[in-house]
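**Q** Read off the chains here:
Protein chains: 4
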Amino acid sequence: MIVVLKPNTDAEREAQLIEWFKSFGLGVHVSEGQFQTVLGLIGDTSSVDTDLVASLDIVDTVKRVTETFKCANRKFHPEDTIIEVGDLKIGGGNFTVIAGPCSVESEEQIVGIAKAVKAAGANMLRGGAFKPRTSPYDFQGLKAEGIELLKIARQETGLPIVTEIMNASDLPLFEDVDVLQVGARNTQNFDLLKELGHLKKPILLKRGIAGTLKELLMSAEYIMASGNENVILCERGIRSYSDYLRNTLDLSAVPMLHELTHLPVVVDPSHATGLARMVPPMALAATAAGCDGLLIEVHNDPPHALCDGAQSIRPEEFAKLYGKLQAVREAVR
Amino acid sequence: MIVVLKPNTDAEREAQLIEWFKSFGLGVHVSEGQFQTVLGLIGDTSSVDTDLVASLDIVDTVKRVTETFKCANRKFHPEDTIIEVGDLKIGGGNFTVIAGPCSVESEEQIVGIAKAVKAAGANMLRGGAFKPRTSPYDFQGLKAEGIELLKIARQETGLPIVTEIMNASDLPLFEDVDVLQVGARNTQNFDLLKELGHLKKPILLKRGIAGTLKELLMSAEYIMASGNENVILCERGIRSYSDYLRNTLDLSAVPMLHELTHLPVVVDPSHATGLARMVPPMALAATAAGCDGLLIEVHNDPPHALCDGAQSIRPEEFAKLYGKLQAVREAVR
Amino acid sequence: MIVVLKPNTDAEREAQLIEWFKSFGLGVHVSEGQFQTVLGLIGDTSSVDTDLVASLDIVDTVKRVTETFKCANRKFHPEDTIIEVGDLKIGGGNFTVIAGPCSVESEEQIVGIAKAVKAAGANMLRGGAFKPRTSPYDFQGLKAEGIELLKIARQETGLPIVTEIMNASDLPLFEDVDVLQVGARNTQNFDLLKELGHLKKPILLKRGIAGTLKELLMSAEYIMASGNENVILCERGIRSYSDYLRNTLDLSAVPMLHELTHLPVVVDPSHATGLARMVPPMALAATAAGCDGLLIEVHNDPPHALCDGAQSIRPEEFAKLYGKLQAVREAVR
Amino acid sequence: MIVVLKPNTDAEREAQLIEWFKSFGLGVHVSEGQFQTVLGLIGDTSSVDTDLVASLDIVDTVKRVTETFKCANRKFHPEDTIIEVGDLKIGGGNFTVIAGPCSVESEEQIVGIAKAVKAAGANMLRGGAFKPRTSPYDFQGLKAEGIELLKIARQETGLPIVTEIMNASDLPLFEDVDVLQVGARNTQNFDLLKELGHLKKPILLKRGIAGTLKELLMSAEYIMASGNENVILCERGIRSYSDYLRNTLDLSAVPMLHELTHLPVVVDPSHATGLARMVPPMALAATAAGCDGLLIEVHNDPPHALCDGAQSIRPEEFAKLYGKLQAVREAVR
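Chains as they are written, first to last, in my numbering: chain A, 1 to 333; chain B, 1 to 333; chain C, 1 to 333; chain D, 1 to 333.
Hint data in this document are derived by calculation from the structure and do not stem from the laboratory.
These numbers were taken from a predicted model, which means no experiment stands behind them.
Just to be clear, a hint being listed does not mean it is correct.
Copies of one chain are not kept apart here, so a pair can be met inside one copy or by any two copies together.
Stated by the list, open to error - In silico lysine-lysine, DSS-like type, Cα no more than 30 angstroms apart, as pairs:
1) Lys-143 to Lys-70
2) Lys-70 to Lys-320
3) Lys-6 to Lys-320
4) Lys-194 to Lys-151
5) Lys-194 to Lys-143
6) Lys-6 to Lys-75
7) Lys-75 to Lys-320
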């Protein structure tokens, strides 16, 4: 940690601060600049609160040198993590397309869509059983029944299933789910993250609604530090002053996350835009940006979907898109 | 709901759309404009998904006329809600100052601070027992023990206590807590909100890190629709591109929320700025803007606080501030 | 324009409001809903201030039905605009790659880079002569001399040139420039836009630093309404709470703008990310999203560039990227 | 400047980087940490591009120690700047209320409002003659005639006048104006700022629509470095995801700017909220936060104002507010 003191700091107060740092077991390297003195702290500074140091009146600025995320950090783990779901491999050069409806509505619906997306090339089936909705008056999902229907669809198609968990107390219901999703509103539900850290199952962790990349990585760190290293990161659009679309899809997060972490990074163009006709161009763009996979909402009858019909594409559109995705993958290799 | 069709919409498709709306049991009022046709939907449109309608290719724009929040809406409940905590009244012209440390650290610490803030005029004691921290490596709170220490401080001072709950499964520990706080990272933890709706206790609900006012009101709606009308809203700063402070305190939320809802609105200038010396001016500003109370972090020894020392003021600063707050209250009456 | 009145509005005040609208020469269509009355205004409402109407105490909400941009609106001009620069065509299915250094520094530098990017496939040369810099102490460009050097580079390579204008009083210096660029800080410099509207030259108009799409289109409208229909829109990243990159490149603006307007849309991945190694993936992503062209900073010696060396790629990287761009174009067709 | 190298950096490349820094005439102080090496640059680093250094592949992070703004920096100029406009003093503990209509519309209007605000206590008259409007179809101001009418109002009341300049070529028209305003859309119109730096007149500089505090200070620096030290900073609301108000008034900017700079800081609650009934609470809040003055839109007939009627309060509301402002000033002293 680097601590820059204000110009003309009183020598006695500087000495007190240095003593205080030493009380944490840190070495302190003092460097006198032309105008300002710089302290370099040597040792494990993770217990020093940078905000507090920055707020001291003799301190000008503070800079943490070592990143606070460790398990997720590519510096300490240069190789790509590859996550296995049965035979399916995610990350490390593999490309995974996860498709399905926003909500599971009925056996007919979910099995029908599962068959259609499988035929088109999808590698995994998504479908919401527990639905976080802004309004308490909106459809909240089929819950346990929805998970049972997903399993039937898996049995019919062989596609592994991914579905969102909102509450650690529901964990027993998810025992036979392949990948658990943490939604954007729960990215910093730390108690939930810790519980998921005790599993061995892959966790698909979405970026918060207005989350920074560091926050996303720290949330991954919660899961990993608790023992589960199988984390897939998901960019799903961030809140901005966008006037025509729901969110702003931040595709530069893809190469930036690949630089910062070894975890796989997938993109959800459906929630990011909220508009079906924007999904194909943004799915193609995400692929060109180098993501490890996509999460795409597909519904056989969007106008009658119980949730997010506006952003769902039809199976035939998905099939057409799938072919182009492969061509883009080839083009950017 | 008002639906504006695109210019030159095909008459047959328009007729289909009207039929579709009628299938929801709605009346449809058609108004032909100079360039575009406008449909007015009459009846309960809460089951119609505006995003879906907006995405239809013959639709230009959609506007929901009736707000989706009902219990929290001042239109249907014009009088201010007054929430009672023992003898203490919150809202409806009362001014409530809640003070205390970010984290409960020891009996000596919490009792000492409680006595100091009580002497200075505070009406309620705050203190974190369960702490949501961005990093898994940071201090996570004394948990159950912290709540016990808060109760001791209450016994010593008579101040009611408010503390944060992160997980519904911890509810038994909070049985004897006066006010339960929902933090900014859990504002849209809908399962938690529903559980809190089954209590009778007042809930202090913080605005999300990048939350809109509508989202805050819809989260209050989750609690209220489940049966608990005792909700206190809290503005605590929103994320922006602010370059010198942690968040941007949105004080215009105070008069705007007072217009939209009958619930009390308090302000937390400590988390909003993250910097102790910014707390007094922003506390005064919040009071001048008409808030119903404040949540202020006070610590007897900020440099050694286990959490958020940077934003805590000392008891003597709090006492000085308290006098000015009363003067501002008087000035703006 | 649709005006929704508050519930239980006094009949007399409603009548006054209707009279007031009629004083603008508008027809008013009154529709009584279950809870609220809706007024539909018929005729040219462009002189009615929606903010003012919304602020009236009997008014609940206001919605403008007709977009305020006309010249740029695809509704009134469904065909893509194709802009011609000599033999070069921009928009309408053509793909234009504009490359060059952030700043023109010397004849050797600009001619060298021009030859290199031409050899690699670029269609136009960019280079800053007038540089808007956040700090008055930073290099402000070679100004008139820079434009002369660009012309030499054009003569040597045949590439048309694009360079930024900051001030209408400099227009005489730009007489022989092919395309004039308006930077992100001048997107709402309306006096400058009006002046550019009196030219016939193509204008490359960048989106504001935190600009909405509507603001961008209204700025294009300033140029077009003054008589110059040759406007190229440019997405260049918007400000957000991004923590590792300078801006957030909003690629969903590409398909959304294509829907709203007939003008060509190009993307600048260099300014958007501020980091050279992010430029290739984001250029590929922009192409996959369907943009009509790219603006890419290329410098032969980035560490010694006088401006923005951090975001410039080398000619050999550009050449490699160019091939992939064509492959992606092919893949998404 | 502090440069932190990546772990395990090659010694030769480190030596090259150090040589490169020395080529700028800088001293380099090398400090070996437990994991990473830190370079401290000593001397004038203003010509070193931090973005470029940060982008080098052996560099982890860069931190500039010395602020890039000098003239505006309180570190080098601890005393408050007091700006004089005739007998009126702005800053340094004085409180200045600037009131008037958004646009000058007629002699009767501006003189009438000027008399009313003067009677209520205002110290200066504002009124727009040149109006930056998002749409080219909106009223653009009376221009030269508007300035003449302001002068008449000044003659009638003795109030100094402040009005916005959009274009340096209009400067001759502003010769007899007391204070020139730079609007939010021109905060980074650097050519205009440089021209204003050649005047002696006070400049009221608004923060950009999504401007950081540093950008505001750097824009002030443009004016000051050109020779004009009479700069008044103005917070006027920033763009956010606010859903009910036009902008988010960032009142924490007031104490933060007071810490960073010696220049006076005023607040414009009218543009910040866009809604007349929000102006009084936010004006009071701004005063409690410690601002040096206010800019308030007052119109005698808001529903017929040619511009921004929605945010204008009436003279009688202004008079009532003025009394409360003084009371708040007293309360927070």
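**Q** Does each hint fit the structure? Answer for all of them.
**A** Hints versus structure:
no. : hint               : verdict
1   : Lys-143 to Lys-70  : between (35 angstroms within a copy, 26 angstroms between copies)
2   : Lys-70 to Lys-320  : neither (41 angstroms within a copy, 35 angstroms between copies)
3   : Lys-6 to Lys-320   : between (61 angstroms within a copy, 28 angstroms between copies)
4   : Lys-194 to Lys-151 : both (26 angstroms within a copy, 28 angstroms between copies)
5   : Lys-194 to Lys-143 : both (22 angstroms within a copy, 15 angstroms between copies)
6   : Lys-6 to Lys-75    : between (32 angstroms within a copy, 9 angstroms between copies)
7   : Lys-75 to Lys-320  : between (39 angstroms within a copy, 28 angstroms between copies)
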